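For the record, the sequence lines run as chains A and B.
Numbering follows my numbering, in which position 44 of the first sequence is assigned residue number 44; successive positions increment by one, without gaps.
Here my numbering = 1-based position in the second sequence + 1000.
Any given hint could turn out to be false.
As the list claims (entries may be wrong) - Computed far set for chain B versus chain A, every beta-carbon distance over 10 Å: (1) A1022; (2) A1336; (3) G1370; (4) Q1435; (5) E1545; (6) G1571; (7) P1624.
To be verified - Derived DEER-like restraints, expressed as beta-carbon distance ranges: (8) B/P1111 - A/Y580: 41 to 47 Å; (9) B/A1559 - A/T637: 50 to 56 Å; (10) A/S561 - B/Q1192: 25 to 31 Å; (11) A/P120 - B/R1521: 56 to 62 Å; (12) B/P1399 - A/T637: 55 to 61 Å.
Unchecked claim - Straight-line Cα separation of at most 27 Å, DSSO-like style, residue types lysine-lysine; simulated pairs: (13) B/K1129 - A/K623; (14) A/K268 - B/K1415; (15) A/K268 - A/K671.
In short, the hints are calculated from the structure, not lab data.
Nothing here was measured: the structure is a model prediction, and the numbers come from that model.
Glycine included, C-beta positions come from ideal geometry on N, C-alpha and C.
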Amino acid sequence: MTMPIPGSEAFSSRPVDPDELARSLPTSLKVHTVTQEQVDALDPLTYEVVRHRLWSVTDEMGEALKRMSGSPIVTDANDFDFAISDELGQEVQVGLYNTMLVGAVDLAIYWTLRNRADNPGIESGDMFLCNDPWVGGGLHQNDVMVYQPVFHDGELFAWTSAIAHQPDLGGVGLGSFSPAAQDVFSESLPTPPVKVVRGGQLQRDVADLWVRRSRVPMLVGLDLRAKIGANNVGGERLAALIAQYGADTVKAVMKRMMSDAEHRLRDKLAALPDGSWSATGYQDQSHEGDRGLHKITVTTTKTGDHLTFDFTGTDPQAGVINCTYAGMRGGVMLALLPILANDIPWSAGGLMRCFDLVTEEGTLNNATFPAAVGRGPIGPAWLTGSLIAETLSQMLDRDLELGRNVQATCCGTWDTAVIAGLDERGEQPAPFLSIMMEPMAGGYGARPHADGIDTGGLFCIPMGRVPDVEMTEFLYPLLTLWRREVPDSGGPGRHRGGLGASLAFTPHGTSIPMGLVLASNGKAVAQNTGLSGGHPGNSGLDVVARQSRIASLLAAGTMPSSLEEVSDSLEPGQNYASSYLAPGEVFAMTWQGGGGYGDPLTRDPEAVARDVQEEKITEAAAKSVYGVVLGDGSVDTAATRAERSRLRNARRDRSRIVGETRGTVDLASTKRIDDNLVEVGSDVACRHCGEVLGDTGDGPLALAVYDGAPTDAGPQIIATAADYVDAPVVFRQYCCPSCWTALSSAVVPADHPDAATTLGRLTVTAG
Amino acid sequence: MAYVIGVDVGGTFTDAVLDDDAGTVLAAKSPSTPPDYSRGVLDVLALLAEQLGKSLPEMLAETHHIAHGTTSSLNALVMGNVPPVGFLTTKGHRDSIFIMNVEGRYLGRSPHELQHVLGQSKDHALLPKRHALEVTERIDRDGTVVVGLDEEQARAAIRSLVADGVQAIAVSLLWSFRNPVHERRLRELIAQEAPGLFVALSSEVSPRIREFARNATTIMSTQIGPGLRDYLGALESSLRENGLTGPLLVMQSNGGAVAAKEAPAAAISTVGSVLTGGVVGSVALGRQLGHRNIISTDVGGTTFLAGLVVDGEPVRDTTTVINHHPINVPTLRVDAIGSGGGAIAWLDAGGNLRIGPRSAQAVPGPACYGNGGTEPTNTDANLVLGILPEKGLLGGRKPLSLDLARQAIDTQIAKPLGLSVEEAAAAIYTVQNAQTGDLLRKTVVEAGHDPREFVLYAFGGAGPAHCAGYAAEVGCDTVVVPLGPVASAFSAFGLASSDIVLAAELSDPTVVPFDPQRAERNFAELEQQVREGLQRQGVTFEKVELFREIDMRYSMQLAEVTAPVANGPLGTAEIEAAAAAFEKRYAELFGKDAGFREAGIQAITFRVRAVGVLPFSPELPEVPAAQGDATPFATRPVQLDARLGYVDTPVYDYRELRAGHVLAGPAIVEVPTTTVVVPDGTTGTVDQLGNLTIRRSA
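Required output: the full structure, derived from the provided sequences and hints.
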């Protein structure tokens, strides 16, 4: 853990009250705004026409950015975003790309208004650049925001912004990522807001200062121009819109878009029962050499039409797995936007009024300077988002209609592998450096009404894509042995989690070992949590096959399809490692699928048979996890009934019972809690057998509890926890102590909080 | 030979246009007849013959060729109504078509659907996994065989597919475009195991780098090939029985036609045929009117199609999206940007007025059709505003129910918003025009152009009522509504005016500059392919034009952009010129200085497009000059601008319009299938071909 640096707190931006912010501005900065009366006076026609035009302006900014960028992280992986904000920075319309960035944009604008209005001033023709994740604008230093104050008639009217991930901005590690970093000084230097365009002119000195830090200065220079270009598009089109409809009308529409989004979210929340839901998740290992488990915990409380996300109890910042406040807020947005606002325009400024964050300084997702935060978005912020999604899903699962947006956790991280070496296929050998982009094809979580999407992508970058094998092999000296979906990798459940996938390659066209840097988590513990008794999805696994037989196998006319064929010396890659891959060796990575929903023993046997036929699961898993016996590919009904009964008995035999059940109730009139539990008056009962497990108060439920080996969760647990962490890891399952239906199934550290007092309940006791 | 005929088979209507190359142009319209669309084709041809005063055999006997566009293949793909097809691919890479590069989850979805991530799925896999089998083989990027084809294992895979009842097999192996030896050998093995089975090789259908799109293209082509073969075979024989001796041609997405017997082998190239007719028609009409830059808008009951013509040439694309898959087929760029006249007006959860993207479809259709629709559409608003007449359009189409239209708007929009029905209808009309403008702008800007430099053409049943409005939104100052004989069958006119276009391509990724001989070799091979292809068409061409191009990219950037290459011998200068053309076009598309040229330029795909120019170039005939002013046949109150309210507006019958007539807005022109709106502040002028040109009044 790092010691705080006095003076650094001035760079920590937090949400502000807009009125207070407006009052704090110097008189030299005139600000355009409208009254509530002007907002109320908008007619529906003008509102809809201008609203759509603002969408179109934002969209055009994004197109400009995407097309002008030179970075495959932008053009292929869509790791970028853009926004239009009002005069005080509140986000009116945001892009659909990296949704975590939405939580960071306004923070940087607030900070700029507070700290740059006097000196050097905020003026027409200016653009600022920022990559300080404490200030905001991005989640780690590689996220660089360029943003512009838009003036009309001498008044600050709005802000446009464009953010993109830069491939390298210096620091000790390739790509500005160092798996061994102890603090931010080993990473790229955070740059607080600096005026990079003044009076419409790119400031050559500032631009040079900026690109000088990078290993790929030309690319960073190009992306700087792309972001300036996108802001220019936004500024020009906003000016045209103002010319057509008048500044007051356009501003009134902007304000109403945010209040419309706010009120629609509030209405949705108000219709749900008040309550608290909690979730706890882990990053295994914090940096190269660490063997710890690091927890983020959240309690989401809904009161009336408002949410509070309380992260109290989250572990202290550690190693490289931290993010700033902006990262935590970005994590919240990655879950909130698609789950609660799928049918509400993404006027994020309005949506963000509906929640508060409670957090302790110096923790994993609210790290204090000078913590290393390079892995912020793909480690802690992502985990934050997964946990928020888990609590929101528990909240929504009570409502059948809103429950359509319930989703077990998706692939919980980005499995990072960076390769660098010498391409000797051309006339002149050429150095290369690349991040393997295939792990973009993670699995989505299962839902109450549907299986998760197989290799559906990443929840935080909905429009990511993976490159074709041919394009990768054209660019880099590799031969891809396989790129395939992994059967059984989706979390088992009544609805199955989406499959993750696997990639294996060997150097091809290079005679020297290539560097291989690894960074990931979710191997020792499951990050792709199931819901309502659904099991977690697969663990990730990166393996280097040393002393491999690949050359002789290929020469003999065979193409291996498993690592076991390739080598007897399989070395699991640590989560944070600086390694190498030599010619004749094979590297294989398997990344996460999604969690399951509901007890797999309640899955429709026909769906299990279909999954076997479509190779989503193996026949062995059909029997061992789903209790479905197939004969000639079709369901053997009698044998399935017997097998499922046997598996339920096994649950009975291995579990210990806590508490006492209270007999059965009539299930004619119940209120849904989730896939298994219902409320009957003040009782909580099992929906399947009617047994009353407790009451809706805060006492513990009567439950059957089992702690076993992680592999009891199913064949998707492919990594061995002891290879990564010292703490014991278990498969923990809670069942109904009467019919033995699974109510919760997780792969967690043995000291993971007990769920007996929280499962299915609206209130949470302390601890 | 006297005639050329274009036949456009749509989902609802089959349109035909006949040109005698001597100044006569006729059009006819008849209902489409699914599932056997050929009946509708014969029906509409009979109507043309009747207009000529001839029998169908007499007319067909004098027909030089028929150019035919069909939506049936596209429908089959979108509806999944295709026979079981097998797929053979490289071991380890079968799942390319299931992983879909992730983008299969969201490609082709509207902005509204994109935001609803949890509403998306990948439930549209091309085929079940048991029909996708791997063969042991591997070729690397240089075309070197790393692992030879395991023929025994391949035979077993083929036998298993055949035993499972597949009707055709698609073969697509990694790097097959660099070295097709294994794909070709697989075709031989299939022929031995299952003689006569329809087979398509990716190295022939789509020899382009990036295996996902190549796999999908080859599979889809295989899925529709046999059906297209059967359909065209049956259609051609009934046309032959009825006296046709000239060729039957099929329109392709590339804007040109191909002989019917050649179409099934490259079936995928025909799927966009019904979309492109309007753009080809716009090119032909633009040539007559002297318009070089055209935005073509074809608005039907359920779709709004936008195409572009720049400098006299349609804007092309190398890839299209079908059923959420990227498909490699050289195509005219046509964007479906809206839901046409049937777009539904609704209030969202915040009580805000929204239009589309949901459409009332053909059934039940707008509320005013009286077929049970209760949701208000654009068409209902237009009826309330007086833009559409209650009695139905000219030509005796069904009357519309003003009461039902008013009721739908009143209950769903007006009452909740506290507006009158008329105000609500005006809001729907204005919002629709403004949003169409936004989407149209997106199409033009993303193609790298400024809409203000374009003339806008509008046709289809629902376009001319709105075009002056959306043209003003994007800043086009001239709007042309084709009237005259082809007013209601403009796409069929486009088909009649098309030439034969064949394209051949080959990916040969390399770094620029490269040995010009490499390009020479590639182009020579491709030119031989297209010349042989042209010879197989069975048509005599007036001339043959060849166009060479290379898709290039900056090595760090995703977007490939097509650059023209000179014909004739290639040297370093020609390659440099192509690279310069690429850079110029890249800057147009993505902005000045957007290219990262320091990273280098790569040439990816070489392509040759051959145009076999047919000895017919249909032109719209001149119409008689006006004698005095145009006389409206009626006047009715119409509201085009909420600020002006209802204004008594003259209504003209398009048949009475003559060259030189000037219609001061506000005015309405009725056509059998549409109405044209000339708003206040604009003037409509009838040109020498009978088209109405709308401009802002001086």
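Hints and how they fare:
With a least CB separation of 47 Å from chain A, B/A1022 remains clear of the 10 Å interface cut-off, as annotated. At roughly 17 Å, the least C-beta separation between B/A1336 and chain A is larger than 10 Å, which holds for a residue marked as non-interface. The Cβ of B/G1370 sits about 28 Å from the closest Cβ of chain A, beyond the 10 Å cut-off, so the non-interface label holds. Not every CB of chain A lies more than 10 Å from the CB of B/Q1435, the least distance being 5 Å, so the non-interface label is violated.
No Cβ of chain A approaches the Cβ of B/E1545 within 10 Å, the least distance being about 31 Å, so the stated non-interface status holds. A cut-off of 10 Å between C-beta atoms confirms that B/G1571 is not in contact with chain A; the least separation is 20 Å. No Cβ of chain A approaches the Cβ of B/P1624 within 10 Å, the least distance being about 42 Å, so the stated non-interface status holds. Range check, B/P1111 to A/Y580: about 45 Å between beta-carbon atoms, so the 41 to 47 Å window is met.
Remark: the range hint 50 to 56 Å for B/A1559 to A/T637 is upheld by a beta-carbon distance near 54 Å. Between A/S561 and B/Q1192 the C-beta distance comes to about 27 Å, which sits within the given range of 25 to 31 Å. The hinted range of 56 to 62 Å is satisfied by A/P120 and B/R1521, whose Cβ atoms lie roughly 59 Å apart. At about 59 Å, the CB distance of B/P1399 to A/T637 agrees with the hint of 55 to 61 Å.
With a CA separation close to 21 Å, the supplied pair B/K1129 and A/K623 stays within the 27 Å bound. For the proposed pair A/K268 and B/K1415, the alpha carbon gap of about 24 Å is at most 27 Å, so the pair holds. With a CA separation close to 18 Å, the supplied pair A/K268 and A/K671 stays within the 27 Å bound.
Hint check: a violation occurs at hint 4 only; the rest are consistent with the structure.
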